[in-house]
Amino acid sequence: MRQILTVANKEFHDGLRNRWLISITLIFALLSLGLTYFGAAASGAVGVASLSTTVASLASLAVFLIPLIALLLSYDSFVGEQESGTLLLLLTYPISKSQLLLGKFIGQGSIIALATLLGFGSSALLLYSQLGDIQVLTSFSVFIFSAILLGLSFTAIAYLISLSVSEKSKAAGFALITWFLFALAFDLALLALLVGVEQGISQAGLTQLMMLNPADIFRLVNLSGLDSSDVNGALAVAINASLSQGLLFTALLAWVALPLTIAIFIFKRKKL
Amino acid sequence: MNTPLVSLTNAGKSYQQLDALKSVTMHLNQGEVMGLFGHNGAGKTTMMKLILGVISPSQGNVKVMGMAPDSKEAWHCRSKVGYLPENVSFYEQLTGLEVLTYFAKLKGFAKGHAQKHAMALLEQVGITHAMKRPVKTYSKGMRQRLGLAQAFIGEPKLLLLDEPTVGLDPIATGDFYQTVDQLKSTGSSVILCSHVLPGVEQHIDRAMILSTGQLLAMGTLAELRQQAALPVAIKPSGLNGSVSNDSQLSQFLTAKCPDTLWVPEQEKLNVLKQLLSLEGLSDLQVETANLEQVYQHFLSKHEPAGSVTKEKK
Numbered sequence: 060m061r062q063i064l065t066v067a068n069k070e071f072h073d074g075l076r077n078r079w080l081i082s083i084t085l086i087f088a089l090l091s092l093g094l095t096y097f098g099a100a101a102s103g104a105v106g107v108a109s110l111s112t113t114v115a116s117l118a119s120l121a122v123f124l125i126p127l128i129a130l131l132l133s134y135d136s137f138v139g140e141q142e143s144g145t146l147l148l149l150l151t152y153p154i155s156k157s158q159l160l161l162g163k164f165i166g167q168g169s170i171i172a173l174a175t176l177l178g179f180g181s182s183a184l185l186l187y188s189q190l191g192d193i194q195v196l197t198s199f200s201v202f203i204f205s206a207i208l209l210g211l212s213f214t215a216i217a218y219l220i221s222l223s224v225s226e227k228s229k230a231a232g233f234a235l236i237t238w239f240l241f242a243l244a245f246d247l248a249l250l251a252l253l254v255g256v257e258q259g260i261s262q263a264g265l266t267q268l269m270m271l272n273p274a275d276i277f278r279l280v281n282l283s284g285l286d287s288s289d290v291n292g293a294l295a296v297a298i299n300a301s302l303s304q305g306l307l308f309t310a311l312l313a314w315v316a317l318p319l320t321i322a323i324f325i326f327k328r329k330k331l
Numbered sequence: 073m074n075t076p077l078v079s080l081t082n083a084g085k086s087y088q089q090l091d092a093l094k095s096v097t098m099h100l101n102q103g104e105v106m107g108l109f110g111h112n113g114a115g116k117t118t119m120m121k122l123i124l125g126v127i128s129p130s131q132g133n134v135k136v137m138g139m140a141p142d143s144k145e146a147w148h149c150r151s152k153v154g155y156l157p158e159n160v161s162f163y164e165q166l167t168g169l170e171v172l173t174y175f176a177k178l179k180g181f182a183k184g185h186a187q188k189h190a191m192a193l194l195e196q197v198g199i200t201h202a203m204k205r206p207v208k209t210y211s212k213g214m215r216q217r218l219g220l221a222q223a224f225i226g227e228p229k230l231l232l233l234d235e236p237t238v239g240l241d242p243i244a245t246g247d248f249y250q251t252v253d254q255l256k257s258t259g260s261s262v263i264l265c266s267h268v269l270p271g272v273e274q275h276i277d278r279a280m281i282l283s284t285g286q287l288l289a290m291g292t293l294a295e296l297r298q299q300a301a302l303p304v305a306i307k308p309s310g311l312n313g314s315v316s317n318d319s320q321l322s323q324f325l326t327a328k329c330p331d332t333l334w335v336p337e338q339e340k341l342n343v344l345k346q347l348l349s350l351e352g353l354s355d356l357q358v359e360t361a362n363l364e365q366v367y368q369h370f371l372s373k374h375e376p377a378g379s380v381t382k383e384k385k
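From first to last, the protein sequence lines stand for chains A and B. Per our numbering, the very first residue in the first sequence carries number 60; after that it's consecutive. Per our numbering, the very first residue in the second sequence carries number 73; after that it's consecutive.
Zero decoy hints are in this set.
Once the Cα atoms are required to be at most 30 Å apart in a straight line, the calculated DSS-like pairs of lysine-lysine come out as: (1) A:LYS330 <-> A:LYS156; (2) B:LYS144 <-> B:LYS183; (3) A:LYS329 <-> B:LYS229; (4) B:LYS229 <-> B:LYS135; (5) B:LYS208 <-> B:LYS183; (6) A:LYS330 <-> B:LYS212; (7) B:LYS135 <-> A:LYS156; (8) B:LYS229 <-> A:LYS327; (9) B:LYS373 <-> B:LYS94; (10) A:LYS229 <-> A:LYS329; (11) B:LYS229 <-> A:LYS156; (12) B:LYS340 <-> B:LYS307; (13) B:LYS94 <-> A:LYS329; (14) A:LYS227 <-> B:LYS204; (15) B:LYS152 <-> A:LYS156; (16) A:LYS329 <-> B:LYS135; (17) A:LYS330 <-> B:LYS135; (18) A:LYS229 <-> A:LYS330; (19) B:LYS208 <-> A:LYS229.
The following residues of chain B were derived to be distant from chain A, with all beta-carbon distances above 12 Å: (20) GLY113; (21) THR258; (22) GLN320.
Source of the hints: derived by calculation from the structure; they are not laboratory data. Values in this document were obtained by computation on a predicted structure and should not be read as measured data. Beta carbons: idealized from backbone N, C-alpha and C, even for Gly.
Just chain B, same shape as in the assembly:
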C-alpha cells in the first residue's frame, strides 16, 4: 500500500476565538511510529480528535485509510483504530474484565469472543490478577494499563496514544514500548502523543513538534538534530587544564560548565582527534543532543519572548 494511512492536508481546527490547530500537513505511513510533541494546549489532542473523526476540520482535509474519518463511509474503519485518551476513568463500579469486555463488544466482537480477547489483553498489560476487581480499587498505573489494553482491542491498524506512559513504572514502560515495537512490526501505525518522554527516541521513526497549534518541525530525529544544529557535548577527563590553555579548544568552553566542550556537529571529529592527541586523557564522553534538547530548541526558537501559552481545548 503506497497511500499513507493518515494524511492531513492544511488541516486546521478553530473554536470561537481560538485556533486550536493551524493548517497542519502531515502523512503517516503504514508501520510507522510518529511521536507528537508539544506543551499543553499545543494542539496535540485536537489533532488526534481530527484523525479520530470525533471533530471535523474547519479547514483543509483529513484522510484516514483513504476516507474522511468523520464521514459515514469511514464507519467500519473505526474498529481498526485504537485510542487511548489522555484523561479517562473507566466505569468505576465495573471490574477491569467487564470494562474491557464491554469495549470489545462495541468493537464488534461476539459475546464469548469479547471476553476471551479481553482476558488476553489484560494478560498482555499485566493486570490479570486484578481483572475481577472493580476499577475503583485500581492504582493509577493499573488504570493506565487498562486504558492501553482498551486501545489494543482488535489489533488496530492505527493507534493513537495520548500520554501513554503516564503513571507507568519503568518495567511497565518497557513492556509498553515492546508492545509498540511489536505492533509496528505487524504493520500497525502508531501516533504517540506526549510531552517529551524519556526513552521514547529509539521507538519512534519520526517526530512532530507542535506549539500553539502550529507545526514547528517534523522529521526523523537525525533530521531534526541537523535542523536544530545543536552542539555536541564532549566531556574529557584527566586533562588538568590543558584544554583551557589550548587556544583552539578553549573557544568551545563556556563559563557555565568549564569541563565540557560544546562543539558544532561538523567540528566534532577534528576536536576529538585533537583531544585524543593530548596527554593525560583518561576518559571521554560524547553526547549528541537528545530529543528533549531538540524539542526545547524548537520551542525557544518559536517563542523568543517566552510567551506562555495556557489555552487548552
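Looking at chain A on its own, in the form it has when it is part of the complex:
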C-alpha cells in the first residue's frame, strides 16, 4: 500500500507541476460558468438559464472534453517511462506491476477528479446562489460524480493504450482515434443504425448498445432526469427507455474497473 501511495503522490505532484490541475480546472470553470450565464442566449436572454438547459449543455460539452483531457493526461504514462528507461528500473524495485499501475491511476485520477470537482463545482455554487434551489446541488452532484467516473474510465483506457504500444507517438495517435470513436463516431453509428436499418432496433436494444460506450452512459445519467425537449438525437430515444440511475452508475463504474483490470493484465504480460 505504501508503494502505491508513493507512486500516486509523485504522479499527483507531476500533475500539479505540469499545470495540468490548474489548466483543467480553469477550462472547466470558465466553460461551465459561461454556459451557466449565457446558456439562455439562444433564446434571447442573458442570465442564468434553467437548470435543465444548463446541465444539458454542460453534459454535452463535458462528454467531449473530459475523455480528451483524460487521454491527453495519461496516454504516455507507461510508454513514456518505457522510452526513458525508468519503467525497467522501477520494475527492479520492490514494487509490483499492479502497485505501479494503481499508484499512477490514483495519482492521475486524483488530478482529473479534483479538477472536475473544482471546475464544475464553482458553477454549481454560482447557480445555487442565483436560483436558491436545492435541486441544483443534487443535479450537479450527479453530474460531477458521473463526470469524475467518465474521466477515470478514460484514464484507464489511456493506460491500455500506453501499455499496448511501444512508442509515445503511436500512443498519441491511438489516443486520438479512441477519443474520436467514443466521443463522435459511436453516436453517429448508432444514429445510422436507427435510421438506416429497416426493421429498426428496439429501444431496449439501443440502450444496451449505449452501454458499450462510457461517454453515452455519462450522457444517459445526466440527461435522463431532464425534459427531453433539451435533448435530441439517438439519446432522446434511449432516454424514453429509461434505465435506473443506479444501474447506469454501475455500468460507468464497470467502465473504470474493466479497462483497469485489463491494463494490469497486459502490463503483467508485457515484455521489457
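Start from chain A and add chain B according to the hints.
Relative to chain A, chain B alone:
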C-alpha cells in the same frame, strides 16, 4: 555464507527467433566483483535482466540469494539489489534530490529518512551543488552520477551496473571505482557490465566474456591470460640492431613492429636474461597482454569469419 549470491545454471533466454542468451552457467560469491564484457547484443543486458528478475529464463534456472528472482518470495530481496540501467533518463522536470528521494521511498525508506539518505548519496557522487536543479539541466556526466547514486540506495548486497563509467570524467571514474572497492570490502557483490573499460582490471576479481549470447570465457584475469596464451611484448631500447642479428632473438620480431619482441609467456625470462646480457641496453619495457587484448583474442577466436552481430534485445 557459502552459497553463492548469484548463480545461473544453464540459464538461457530466447525471444521469438533470437537466442539472446544461450545456456550460461556462472556463480558470483559474496564480496566478489565480476566484469561482464561483450559487444552490443552479446547478451549482457539480458543476463542482467535475468538476475534482476525482470524477465524469466526460458531454460535453466537463476537464483539470487537462494531464490528465483522473478518469484514472489524474492520480493523483499529486491531492496537489497541496486541496478544502473544502460540508458536511463530520469524524470526531467524533477530535481535530482526529488528523483533520488522518490526512488529511496520505493526502496522502503520512510519519508524523512529517504531524503536524508538521498542527500548523502548525492554528496557521495559529487552532485550536491546541483541537487535542487531539475534533471533536464544536468550534463551527461551528472546524469550518470545520479544514476549511480540511485543504484547505491540502501547499501545493496548486489549491484548490477550497466556501462557505469560512460560519460564520467577521469576523476569521477576514479571516485566510482573507489566506491566499488569500498562496497566490495563491506561484502557487496558487483557485476560490472561493459565494453572493455580502461582501468577496470584492478577492480574486478573475475571477468566473463560474452558474444552473441554465448559464454566465451570466464575466470580471473591471470587465468584468462593463460588461456589466451598471448605473447608478452618486450621493447628494448639502445640496442642498435643487435637483436635482429641474434638468430635466437630475431625469431620473436615481427615485420610490423621491428623494435618489439613478441615472446610467449614461458620464454619470457629466458629472453629477458639474454637481452640483459647484451651490451648497450639502456631501457626495457615489458608489457603483458591487457584485458582489452585478451578480450579481442577471445572474440576473434569465436568469430573467425568476422561475422558482425547486430541484434540487440
